[in-house]
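Novice: Sequence:
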Amino acid sequence: MLTKRQNLLETIRGGNPDRFVKQYEAFAMILGSPFGKRNPNPKYGELNVVNAWGVTKSYPEGTPGPFPVHTPDKIVIKDIENWRDYVKVPQVVYDAEEWEPFIAMAEKVDRKEQFVTPFFAPGIFEQCHYLMEIQNCLMAFYENPDEMHELIDCITEFELDYARELCKYVKPDAMFHHDDWGTQISTFMSPDMFREFIKPAYEKVYGYYKSHGVELIIHHSDSFAATLVPDMIDLGIDIWQGVMTTNNIPELIKQYGGKISFMGGIDSASVDFEGWTQDVVAKEVERACSECGKLYFIPNASQGLPVSTFPGVYQALDEEIDKCSKKFF
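The opening position of the sequence shown corresponds to residue 1 in my numbering, with each subsequent residue numbered one higher.
FYI, nobody ran anything at the bench for these hints, they're computed from the structure. Keep in mind that a hint or two might mislead.
What the hints assert, rightly or not - Ranges of calculated distance between the beta carbons of each label pair, as one might list FRET restraints:
no., residue 1, residue 2, range
1, Pro60, Asn16, 44 to 52 Å
2, Lys204, Pro40, 21 to 29 Å
3, Pro72, Val93, 32 to 40 Å
4, Gln255, Gly62, 31 to 39 Å
5, Arg287, Ile103, 16 to 24 Å
6, Tyr142, Val89, 52 to 60 Å
7, Arg287, Ile233, 20 to 28 Å
8, Glu215, Tyr142, 34 to 42 Å
9, Ser211, Phe67, 32 to 40 Å
10, Glu157, Asp322, 40 to 48 Å
For every residue, glycine included, the Cβ atom is placed at its ideal position computed from N, Cα and C.
Taking the hints into account, I'd like the entire structure generated from these sequences.
Specialist: If you want it as structure tokens, here you go:
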């Protein structure tokens with residue numbers, strides 16, 4: 001029997017996996033860093049928590065995660081033309097002693113069994129609209145392109161500084177990086193605009209990780225983003241996590257399998273709701289596995305961590321994936 005790590009590599013490299021990869025099982029998630037200790041994130045049910053960037057976030061009960069609060073008094077960048085007056089970049093370089101707990105987490109992982117996988121969020125686009133508010137942000141790409149390039153450069157440098165520290169101390173095998181690039185039915189911007197503003201930033205960030213020993217880049221965007229898959233491949237993304245059914249996943253696998261793999265195929269909203277049942281989960285898992293096949297596909301709810309909003313859903317998905325492995329392999 002292949003290890004979890006071996007089975008994932010066989011799956012994404014077109015080899016001979018002996019079962020479906022069971023969601024996040026191959027990734028030993030490292031959730032934290034010295035910066036994270038100083039970057040408050042609301043816990044479930046908490047409201048109006050201010051993070052290290054000055055962004056106010058809330059995590060209302062019954063929602064899948066924390067979100068920024070953008071009432072006029074809480075928007076950080078109130079004038080994009082003078083964004084430097086509002087943005088205070090947090091410190092990211094800390095003494096080696098502060099990294100010791102996170103080094104210890106990584107050292108406990110059997111790297112033959114799993115990938116040491118730090119988690120990073122929000123990504124570059126999300127950080128822009130966290131600071132600005134989504135509508136203001138999207139308008140600024142058209143109305144203030146010079147300032148948006150400057151802001152993106154600033155956020156990119158922060159991410160690169162963080163990447164240097166992470167690679168120095170934790171030495172990750174994989175990187176799990178969030179940045180939602182679309183809604184359920186469309187990307188937030190055209191592919192051309194993405195290539196002008198967002199892609200160059202990720203060429204630097206993901207290029208740094210790949211050149212410093214990170215074997216796999218897993219990018220989370222639980223959205224439609226099929227039109228950006230060629231760009232994901234250019235950026236060195238190995239796995240697009242969160243791929244929703246509004247993307248034609250079987251067609252994407254047919255067209256791009258071998259260059260990138262797809263992790264998702266089960267929309268969280270279709271299984272992770274109050275009153276969910278095992279039968280509902282079973283039908284969605286079997287549909288995804290039968291439609292998408294054994295290679296270049298990892299069945300997974302679209303949510304961007306190994307969790308569920310409602311208790312038991314994540315475990316139920318694992319159980320049904322096991323059943324599909326017995327059926328299809």
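Novice: A separate judgement is required for each hint: does it hold in the structure or not?
Specialist: Here is what the structure says about each hint:
For Pro60 paired with Asn16, a C-beta distance near 45 Å keeps the hint of 44 to 52 Å intact. Evaluation of the 21 to 29 Å hint for Lys204 and Pro40 yields a pass: the beta carbon distance comes to about 27 Å. The hinted range of 32 to 40 Å is satisfied by Pro72 and Val93, whose Cβ atoms lie roughly 34 Å apart. With their beta carbons about 37 Å apart, Gln255 and Gly62 fall inside the hinted range of 31 to 39 Å.
Distance hint for Arg287 and Ile103: a CB-CB separation of about 42 Å, inconsistent with the stated range 16 to 24 Å. The hint said 52 to 60 Å for the Cβ distance between Tyr142 and Val89, and at roughly 25 Å that hint is violated. Arg287 and Ile233 have their C-beta atoms about 26 Å apart, which keeps the hinted 20 to 28 Å range intact. Range check, Glu215 to Tyr142: Cβ separation about 38 Å, and the 34 to 42 Å hint holds.
In this structure the supplied range 32 to 40 Å holds for Ser211 paired with Phe67, their Cβ-Cβ distance being about 33 Å. Between Glu157 and Asp322 the CB atoms are about 44 Å apart, so this pair conforms to the stated range of 40 to 48 Å.
In the structure shown, a violation is registered for the earlier hints numbered 5, 6, in ascending order.
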